[in-house]
Structures are given as C-alpha cells and as structure tokens.
Amino acid sequence: MNLWQFVEPSMLVNLAIVVPVIGALLLIAAGNYPNLRESVTLATAALLFTIVLVITDNTFNAVAMETTWVALFPGLSLTFVVEPLGVLFALVASFLWIITTLYAIGYMRGHKEDNQTRFFFCFAIAISSVMAICFSGNLLTLFVFYELLTLSTYPLVTHAGTEAAKKGGRTYLGILLSTSIAFLLLAVMGTWAVTGTLDFQPGGIVADTENKSLLAVLLVLFCYGIGKAAIMPFHRWLPAAMVAPTPVSALLHAVAVVKAGVFSILKVAIYIFGIDRLKEIPTADVMLYIGAATVLISSSIAMTKDNLKARLAYSTVSQLSYIVVGALLATPIAAAGAALHIATHAVGKITLFFCAGAIMVAKHKKNVSEMAGLGRVMPITMTAFAIGAISIIGLPPMAGTWSKWFLTIGALEADKLIIVVTLMISSLLNIAYLLPIPIKAFFAKQAPSAEPWSWAEVQEAPLPSVIALTVTSAGCLALFFFPQPLVDLINLIPGINGAINGVG
Amino acid sequence: MLEQHLPALAILLPLIAAPIVFILGRSTVVWLLATFTGAWASIVAFQLLLTTLAEGAIHYSLGGWSAPWGIELTVDALNAFVLLAVTGVSTMVLVYSKESIAKEIDKAKHGFYYTAYLLAMAGLSGILITGDAFNLFVFLEISSLATYTLVSLASDRRCLTAAFRYLIMGTIGATFILIGVGLLYMKTGTLNMLDLAERIAAFDRSRTINTGLAFIVVGVSIKLALFPLHRWLPPAYTYAPSAVSSFLASTATKVAVYVLIRFIFTIFGPDYVFYDMGMDMVFMFLAIVAIFKCSYMAAVQNNVKTILAFSSVAQVGYMVLGISLVTTTGLMAGLIHIFNHALMKSALFMAVGAVFYRVGSVEVHAFKGMGKQMPFTMAAFTIAGLSIIGVPLTAGFVSKWYLVSAALQQNLWVIAVLILLGSLLAIVYIGRIVEAAYFHDVPEGRDASKLKEAPLLMLIPMWVMVLANLYFGIDTSLTTEAVGHASEWLFQSTELLEVAQ
Amino acid sequence: MSVIVDYYNYWIVVFLMMAGFYVVISANNLVKKVVGLNIFQTSVFMLYISMGKVSGGTAPIIIEGVTQYSNPLPHVLILTAIVVGVATTAVGLSLVIRIKHAYGTVEENEFQNEDDAI
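These protein sequence lines are chains R, B and W, in that order.
For the first sequence, the working numbering begins at 1 and goes up steadily by one.
For the second sequence, the working numbering begins at 505 and goes up steadily by one.
For the third sequence, the working numbering begins at 1006 and goes up steadily by one.
So here's chain R without its partners, still in its complex pose (with noise of 0.2 Å):
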C-alpha cells in the first residue's frame, strides 16, 4: 500500500521540506490546546516519515526526484536533488523526530516547561531545515539551510531563559554563525570561482588540474567552516547547547544538527572533491589528524565531566570525528563507514539523552555520581542506557559495532595505522566513561537492611518517554541483526559503489 502514489516522485521532495511548516503552523493555530497541539506535531511527524519512506523507496527503484525552487543569483537555484546519502540521513532524522515528539511530551510535561507551543514550533522549523539540507542539490542551497537551521534552534538552546541559558545561546549562535560566514561561505564561493558551478556531482566537480594548495585551502575551510561538526578548536558549540530542554539535546545536539555538520563534510568530500581526489589534497591528512586528536582530546574531556549531559556532549564531539575521520580517509568503506556511522550513533546517543533526561524528570538528578543504586527505581531506563552505552562503544551486539568495523577496515586499507590505534584507545575510553553508570546504577553497594527489589519502588519517567526510549535501545539491537537496508542504501552512494557487502 503506498499512501504517496499518486504523488508525483519530484514533488516528495517539496513535501518533505514542506510539510513540518505546515505542521509548524497548525500547531500554532493549535497552542491553546496542549493535547490537539502534540497531535499535530506527532501527526506531521508520522506523515514525514512516510514520505521519507516513499522517497527511499523511489531511491531503490532508481527513480529521479529533482526540484528547483527559485534562481536565487543567474546560474544558481535552490535545488534539491535526491541521492541515497541524503536519503538515509533524512530517514534517520524523520524516524527519530516521531520518537522525540513522543518523548518530549513526557517529558516538557514532566518538567513543566513554559512557552511549550513556541518549543515545539521551532522543532518542527529546524527539522524542515534539516530536511533540505538532506536533499540539497547544491553548496548553496545547503548553506541556505544550514543557516537557517542554527537560527531555528537558537530559540530553542535559549528556551529556559535562564542566565545560564543565555550564555550557552551566545556561544552557540556565536560559534555557528561565524565559522560559517567566516569560514564556509568563504569556501562555497571559493568553490563556485574556481570551479563556476556548485552542484553536488558524483565523482565531485574540482578538476583533476585544479591547483592543489587552493584545494587544501578550501578543505581547511569547509571543515572549519562547517562548524556543526564540531572539530577541535571549534566544538564549544555543542557542550554549551546542553541547556536546552533535553528532548532538544537528544535529536538536535545528537542527531538532527551535529549530523547536518557531518552530513555536509560527508557531502563535500564525496560530491564536491570526490573521494578519489581527496587523497591529493595535502591538507586532508592534517584535518584527518586533527579529526582523530578531536576524538582522543573530547574522550578523555567526557571523563572528567560529572554532568551526565555534558559528558554525553563531549562523547558526541568525538563521536561525530569519527565520521569526519571517516570522510577524509578518502576510501570507499571508510566513507561507507561514516555514513553508517550517522544512523548508528543516532540510535545510541539519542537512547543515551532520552535515558539523561527521564531520570532529570524522575528523579531531578544531574550528575552521575548521584546514580549509584539507580537502577532500583529506573530499571528499564538504567537498561536502555546500558544497551545504548554498548552501542555507542561499539560491541556486538549493537547497532554500533558495524559502523566502527567499517571505519577501522578504512584505515586499515588507506594504510593509517595511527587511525586504527586511535579508534581502539577511544572505544576504551568510551568503556571508561559510559559503562561504569549503568553498571553503578545496578550492582552499586546498598545498605544490608535494604528490603529486596521489587516492582513497588520502581519510579520511571512519564510513559511517553519509556516508550521513546525503549524503541531506540530496540533499535540499537535491530541495526545490529538487519542493517542490510541501510547496507544497501549506502552501496548506492556514487563513490562508494557497493564497497560494503552483505553483513549480518
């Protein structure tokens, strides 16, 4: 049964980018109505995934979806091009979003948040951004989007109003707004004169004759520049995002805008210089190494940090290296491995910030040395957080361990054994950080009085929110055992062309 047949294939792509406004705008015309508004937002929320679905469906059959919106300069439009890339990255993002509306309800009840319609408004603003960012069919039109997905979350960083919120916001707006209009702009329209075109084209659209050091000038740039990536020295972005309401923390600052930031690396290396000729550029090396400092550096930073959210912020600036490690390896499975890299980290982390949140919301606890002995009262959660910890380190059998496989055959294969190493030292600190708070949390020394467990003390979050977090540490499993349809999906990237077989 397709709900979208008898819409034509191009115009999913408009849908896509569309129906989160409209869905934005009803929940407004809703606000007054907190049941009638979550409706909506998860009605929209459902209905984009099915158009997600349609449109990866359509990728499979190799159906073409193209759109142009508006010429913005001669020779220059917003464009959106659909190409498996994009596609999986907006599966990812769509199906988390119903996951995270479930889960906000829960929770911005829980918490009793003020302004919840302006809260759920702009989600629903930044996951249309996020939308055309994935089907972008050019530099320009993904640095359009880009922009207006760190305005759209600004309100959302800020949402508490609190002092504290204020300067989180400022860092983050600050950060984001100038390495992208100091840094990426520069690099598209440096791109667009040495070139004279922006479009994403397989094989990239540098010519072999270019001038190297220009290239490695540019690459600089575009790392830099996309600073949502958040690559050392520009990552204070991302712990500073984390006094945003968690469910924010959890798609925003773990799926949606960290993995536009590795998306767009992703989308450069592949589609803009092409994987082959990424090896020449002399500075790829260099920004791979200082990627690989990123993920040792934050590790061993997410050690030091007491607040659970912050050090899961820290494990997702090194996480999100990994993908720009993988990006400029410059060989098929490491680029196939970042790819996988993007949903498999979502699940994880995303299930790490859900479990973060419920117990803000059950037991208003923050730091983790507060957690011994928690998993007497949030049981399913303290599970979750265990199945989404394994995942994120990597082992079987969780959603994790693939992409890493693939990342470290990479290395292995474009001869960077200092790569392999650094991956292996940061899955054991990876260990070091996340696996003692579940493991605290369940076998923690009680006192010899205390009474045997029993269901009576348990103390879980709202139901909403169990449910969402339940699902992804599922999820986290499921990936591990079925992978194969994401497989798939990215053996279609040009570039990567079937680099990865059949696992599982």
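Since the hints were made in silico from the structure, they are not lab data.
No residue lacks a Cβ here, since even glycine has one placed at the ideal position from N, Cα and C.
Some hints here could point you the wrong way.
Covered stretches of chain W (chain B as the covering partner; in silico rule of three or more C-beta atoms under 8 Å from a C-beta of chain B) [unchecked claim]:
hint : stretch
1    : 1032-1042
2    : 1048-1057
3    : 1081-1094
4    : 1099-1107
Examples of chain R residues lying across from chain B (beta carbon under 10 Å, computed) [claimed, not checked]:
hint : residue
5    : Glu66
6    : Val70
7    : Leu76
8    : Val144
9    : Leu148
10   : Thr158
11   : Gly169
12   : Leu177
13   : Ser178
14   : Ala182
15   : Ala193
16   : Val217
17   : Ala478
Start from chain R and add chains B and W according to the hints.
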C-alpha cells in the same frame, strides 16, 4: 503624452507638491498629498526602469533645448534603478512619518517637515536623472539644504549642532564638487556628461583634469561619508527625527555613491581614474578601514541610532569596496548594495523610531524586554538586522555574495576574507540590541503593562520594508537584471569611446 | 614671475579659498564659520567668472563690428551658484539663531562642553 515626459515628471512631482504642501500647512491632507506624490513618483521610477531595461537609455531635453546648450536628463538602467530605490523607500518613510513625527516634531513644524521632505526628494531625483554636471550640483544643494532643515526639526536641541556640522561639511563638499566641475568646464567647454566624457578622453593626463578629479572625488566622498570624511554623519543621524534618519540613511548617502559612480565611470572613465590615477587602491584601503573602524565604533555605542549610523558608514565602505574592484561584478555588488542597504537601513530606523514612539528613548537599555512588549517591531528589527549581517534569504546576503565573488574573481582572497570578517562585527552590534530585546527583563521603573505595540501606520511601512528585504533576498531577478545592465553599460560605454577615438 | 602675473586671478582665488577654508576650520564662533564658508564659496564664484573672460572679447551683447565675445555661460552658472550660496547662508544663520536660543551661546567650545560629544 505623459509617457515621453516621464523623466521630468520624476523631479517635478515632488517639486510642485512641496510649495502646495507649504501653503496647505499642517494637517492630514498634507500627509496624504505628500504620500500620494511619493507613490506616484515611485510608479514613474518603476516605469522608467522598465522602459530603460527594454529600450535602452532615454534622453530628454528639458524645455526642448537640446544638449549641449540645454540641460539634458538622461535615464539609463543605473539611475532608474537607484531612483526606484530612493522614491520607493521615501514613500514608505512618508507613510511612516505621520505617527512618528507626531511624537518627535513640534506640531507647528509638520508643514515644514513635509515641504522639506518633498524638496529633498526632488533634489535627490534630480541628481539621479540629470545629464548635466552643473545641474547635478544645483540639485545636490537643493536636497542638502532640505536635509539640513529636516535634521534640525527634532525636539532634542542637539539636533541643531548636528545639523550645523552637517551644513558646514555638506557645503564644503558641494563646493569642492563645484570647483571640480568648473575645472572640467575650463578645459573642455561643456557641462553635458556625455560630452564631457568624450572630451576628457581626448585630454589625456592634463593637470587641470587631474585636479578636477581630485576635487570632485573629495567632495563626493564627504557627501557619501567615506571614511575618514564621515564625522558629520553619526550626530546627524542620531539626533534627527527617526523618520528623517530612516529617509537619509536609505537615500542621501546612496545617491552620493551614485554620483561617485557616475563621475568615475561615465565622465572620467574607469581606465583614467583607476589605472592612470590609481584611485582604486585608495578607495579599497579607505573602504576596508571604514568597514572595520566603523563596525567597531558601532559595536561600542550605547545609542541605537548612533549604532545604526556607524553601521551606515561601514556599509558605504562595502559599496565603495565594490566599486574599487574595477570589474563588472564588483560594480554590480556596489549597486546592488545601494538598493539593498536602503531596504534594510530604512526598516531598522523605522523600528527604532517605533521604540522611541513608545518608550521615548533609543538607548540600548531602552530596548530591554521589548521582544515581549513590541513583538512585531522587534521581529522587524531582527529580520532587518539579519539582513545587515548577510544571512541567506535576506537582501544583505545577495550583496555580500556579489561582493565576495567579485573579490574572488580578481583572486583577492584577502579582501574576501576581510569582507566576511566585517560582517562578523555586524553580528556583534545587531546582536547586542536583539539580545537586549529578547533576553533582558524590562528595566525597573517602566510600567510594562502600559506599553503597546507601535501604531499600525508605523508597522505597515516597516513590514513592507522587511518583506522587501526577504523578497529581494529570494527573488533577485529584478535587481540583478537592472544592475547587470547598468554595470555592463558603464564599462561598455568607456570601451566604445576608446574605439571611437 | 610671469606665473604669478599671468594667472593673478587664480592666485586670488586660491588665496580666498584657503582663507575661507581656514576660517571655517579654526573659528570658534558659529557666525564666523558661516562667514568663512561664504568667503570659501565666493572664491569659487570668482574662479568661474574669471574663466569666462576671453582675452580681447567684450560683453556678450550683439554689437556691430565686434566678433569676439567673452563666454557668458559661466556667469549664468554662477548666478545659480550665488543663489545657492545665499540659501545656504540663510539656513546656516537660522540654525545659529536656534542654537543661540537652545544653548545660550554660539561659541563652539562652550556648548560642546555641555553635551553632544560623539
């Protein structure tokens, strides 16, 4: 019948309306008449632009005396485009004026306000479409005298000294232009711009012409507030009534930039000015310094109108920078920014005026908590501010895009970087105000419940400008076509002259 | 020496121009500034008027037997410029009057101390 007299009409409409307004005195009728005149003039400008884009330049002999004896009005894509921006924005500011000046200008002076406003409009339109160098000076003085009056109408006494300083500087600038034109006349015996162009090309490297160029460039630079000749501008914009600041910031300096372009490209020829005299380096240096120094000055001010005034000087830097790149794209960038900057600055000043209307102060701290109390005004301010910063989908982004591409075309990567860094400073000075509006609580002592949104007659023109910012940031076909025609024509005309020799 | 004698009109113009300019810049009294501005403008009028003279030419009135006339156009132009100059002076002086009312002084240093320093 009227069709062929359109060029004259653009000047005559406000010129005739001005005395009528003066006689009628103060009343709503005057406002309606002035607005109607402005709207009509805008329609004329739009028609002129369409005609020139379709059929090329229009030459109109005033009073039937043909050039070079009579005064010729010449309308091409360049001045029709700037004329559209000037008349369009002026009209919107006129709509806005009714409520705004009711608060800021003494009731007895409302008649003077509209009279001076229309005269300034007539003068600016005249500067734009005249084809005669001396006539340009006369219109320049008409508009300047009217603007000195406008500035001095505010109720704050400091507007008087600001207006006086503006008068001194403005007159020196205009007199410099007069000297320059006189020297050119001495050597060439003509005042018609096209004739001048032909004959100047013949007198290569004459000392008289070099001197004339120097006087004209300095004189125009004072008028357009090119750093370091900008000192008159911040006080004038700060203490003038908000409607006047909005009008001046979006028209007066823009027209001066047009005059600079006209003199350089049509009369002297870019080869002579840039290659022989090396003026491009001078302009580029001053423009870059202006962008940084004045953006910085804007970032440290406490009066929002002063912030916007310094920002205007910095933005003029962008326009001059575009010109100094000496390419078609660079010139396009400069011209597009004339148009776009008029849109954003008028919207910003209108929003500030609306805040003044309700709060009675334009200090940054007066904006605290305004996001909740005047949501539409502050939303307008924020969007127009994003346009100044150059965020995509706003008009400011289009200007910046062209400017940076022009720099990159010349392989001037450093300049491209500097342009982008300059816009980071804009984030600072706009950000401060926006942050105060949305993230600070209402200061103590202000009765929050009494504050309402600005009156509709202020909001509508403000939002028209804001929507124009968005529209011209998304659909650039009109602006790029007009500007593309204009700059190609400007470069081509000089080449044609060379071929003719 | 001939440079001075042949171009004496320009020397006068340059002298007046600089004198006027100097007064505008250095005078503390606003009325004096306006006067300086006037001198400055007048020098330019002189420049225009003297350049219209054609050696050996007479006033441009058709008289029998005369073939050489001075150029009348600069004179006409400068008529307009004089009008502009008068208007400027008028606006300037009226501003001075209002400043006197508002501040009680027309000495620049006195009212600048009071407030408006930007």
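- [ ] Check whether three or more residues of the stretch 1081-1094 of chain W sit with their beta carbon closer than 8 Å to a beta carbon of chain B.
- [x] holds (count 6)
Task: Interface hint status, Ser178 of chain R versus chain B (Cβ within 10 Å) - done: 5 Å, holds
Task: Restraint check, 10 Å cut-off on beta carbons, for Leu148 of chain R near chain B - done: Holds, because the Cβ-Cβ distance from Leu148 of chain R to chain B comes to roughly 7 Å (cut-off 10 Å).
Task: When the least beta-carbon distance from Ala193 of chain R to chain B is tested against 10 Å, hint result - done: Since the shortest Cβ distance to chain B is 4 Å, the answer is holds.
Task: Cβ contact check, 8 Å cutoff: the stretch 1099-1107 of chain W against chain B, three residues minimum - done: Satisfied; 5 residues make the cut.
Task: Satisfaction of the Ala478 of chain R interface hint, Cβ to chain B closer than 10 Å - done: 38 Å, violated
Open item on the list: The hint names Glu66 of chain R as touching chain B; please verify it with the least Cβ-Cβ distance against 10 Å.
Closed with: Hint violated; Glu66 of chain R Cβ to chain B Cβ min 20 Å, cut 10 Å.
Open item on the list: Leu177 of chain R was flagged as interface toward chain B. Is the shortest Cβ-Cβ separation under 10 Å?
Closed with: The hint holds - Leu177 of chain R has a Cβ within 10 Å of chain B, the shortest such distance being about 6 Å.
Open item on the list: Under 8 Å between beta-carbons, do enough residues of the stretch 1032-1042 of chain W, three at least, approach chain B for the coverage claim to hold?
Closed with: holds (count 3)
Open item on the list: Can you verify the interface hint for Gly169 of chain R: is its Cβ closer than 10 Å to any Cβ in chain B?
Closed with: Holds, because the Cβ-Cβ distance from Gly169 of chain R to chain B comes to roughly 8 Å (cut-off 10 Å).
- [ ] Identify whether the interface hint at Ala182 of chain R stands, where standing means a beta carbon of chain B within less than 10 Å of its own.
- [x] 5 Å, holds
Task: Agreement of hint Val217 of chain R with chain B interface, Cβ distance less than 10 Å - done: 8 Å, holds
Violation of the numbered hints given earlier is confined to hints 5 and 17; the remaining hints are satisfied by the structure.
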